[in-house]
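Novice: Sequence:
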Amino acid sequence: ERSQKLLMEFETLEDELTKGANQLTGTIRIAVRTPTIEFGFIEELTKELAALDNLTVQLIVRDEPIDLIAEGIDLALMINDLPDSSLIQKKIGNVIFSLCAAPDYFNHRNFVQNPDELEQHHFISPLKKYPQNTLTLRHTKKKKNSTHKINPQFQSNDIRARARAIYAGLGIGNLPIAEVIKGIKKGSLVHVLPEYSLSPIPVWSLKTADKKKDCRLQLIEKLLINTGQRMCIRD
-7 ERSQKLLMEF ETLEDELTKG ANQLTGTIRI AVRTPTIEFG FIEELTKELA
43 ALDNLTVQLI VRDEPIDLIA EGIDLALMIN DLPDSSLIQK KIGNVIFSLC
93 AAPDYFNHRN FVQNPDELEQ HHFISPLKKY PQNTLTLRHT KKKKNSTHKI
143 NPQFQSNDIR ARARAIYAGL GIGNLPIAEV IKGIKKGSLV HVLPEYSLSP
193 IPVWSLKTAD KKKDCRLQLI EKLLINTGQR MCIRD
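So that you can map any letter, position 20 of the sequence shown is 12 in our numbering, and since no number is skipped, the others follow by simple counting.
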């Protein structure tokens, strides 16, 4: 009888400790690149947060390099960044960007038959510090790179702005292949030069070492990884 009483007390104590551990509270800071927003991350995150009243998420969306330590970032999904050696890193896969355009763009123009014809078309490209007058493409079967002239008419540092310009029929641009496939199925995009793509870009899930066992991040990291895999061609 004494043993049973002790066991019951231990079980009660365990339940209280477990309950406390499962209450996700506090604030976590997450950093992502803009393409992440287009692949369902916000929808999944808000669905989870609706059941977690005591957890606050601060989301930083930025395409420029970010210092996780200096900015107090707990978790990040980064594209093409070289991870700091002090960070816990997991490669999710490679995101492949492919050329595309709205069907309306070719209503009064010839379709592109080879990369050298790109110069004759309006192009939508990233806005960078140096002029974007050329584009390096990789032949998907031959695995060879080649550089071709382009004629940028619209440039933006925001991929969402570039995507809207592409969908609006302004010109040819590049988007993640997963986005291109979705657009083709909906009839809102056509694949331009499907035998070519841009060079693969690695996608990483990153977190600081002190957050390795943070149960608050485990749920969010799973959502980030799911989003990254929807963007990626996995290894």
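Don't take each hint at face value.
[What the hints assert, rightly or not] Okay, derived cross-link-like pairs now, BS3-like style, lysine-lysine, Cα gap no bigger than 25 Å in a straight line:
#, residue 1, residue 2
1, LYS141, LYS121
2, LYS141, LYS39
3, LYS82, LYS177
4, LYS135, LYS39
5, LYS177, LYS83
6, LYS177, LYS133
7, LYS174, LYS133
8, LYS214, LYS174
9, LYS205, LYS83
10, LYS203, LYS214
11, LYS82, LYS214
12, LYS205, LYS39
13, LYS214, LYS39
14, LYS121, LYS205
15, LYS133, LYS83
16, LYS83, LYS135
Don't read these hints as lab results, they were simulated from the structure.
Novice: Each hint: holds or not?
Specialist: How the hints compare with the structure:
Between the alpha carbons of LYS141 and LYS121 the distance comes to roughly 18 Å, so the proposed pair stays at or under 25 Å and holds. Between LYS141 and LYS39 the CA atoms are separated by roughly 45 Å; this puts the pair beyond 25 Å, and the hint is violated. At roughly 31 Å between alpha-carbon atoms, LYS82 and LYS177 are farther apart than 25 Å, so this suggested pair is violated. Taking the CA atoms of LYS135 and LYS39, the gap is about 41 Å. The hint is violated against a cut of 25 Å.
Restraint check for LYS177 and LYS83: not satisfied, since their Cα atoms lie roughly 29 Å apart, outside the 25 Å limit. Among the hinted pairs, LYS177 with LYS133 is consistent with the structure: their alpha-carbon atoms are about 24 Å apart, no more than 25 Å. A distance of roughly 23 Å separates the Cα atoms of LYS174 and LYS133; the hinted pair therefore holds under the 25 Å criterion. With a C-alpha separation of about 23 Å, the suggested pairing of LYS214 with LYS174 holds against the 25 Å cut-off.
Between LYS205 and LYS83 the alpha-carbon distance is near 19 Å, which keeps this suggested pair within the 25 Å criterion. Between the alpha carbons of LYS203 and LYS214 the distance comes to roughly 14 Å, so the proposed pair stays at or under 25 Å and holds. With a CA separation close to 12 Å, the supplied pair LYS82 and LYS214 stays within the 25 Å bound. Restraint check for LYS205 and LYS39: satisfied, since their Cα atoms lie roughly 23 Å apart, inside the 25 Å limit.
The hinted pair formed by LYS214 and LYS39 meets the criterion: a straight-line CA distance of about 14 Å does not exceed 25 Å. Between LYS121 and LYS205, the direct Cα distance comes to roughly 40 Å. Violation of the 25 Å bound is thereby established for this hinted pair. Between LYS133 and LYS83 the alpha-carbon distance is near 24 Å, which keeps this suggested pair within the 25 Å criterion. Distance hint between LYS83 and LYS135 is fulfilled; the C-alpha atoms sit about 22 Å from each other, no more than 25 Å.
Figure legend: structure checked against the earlier numbered hints; hints not met, in rising order: 2, 3, 4, 5 and 14.
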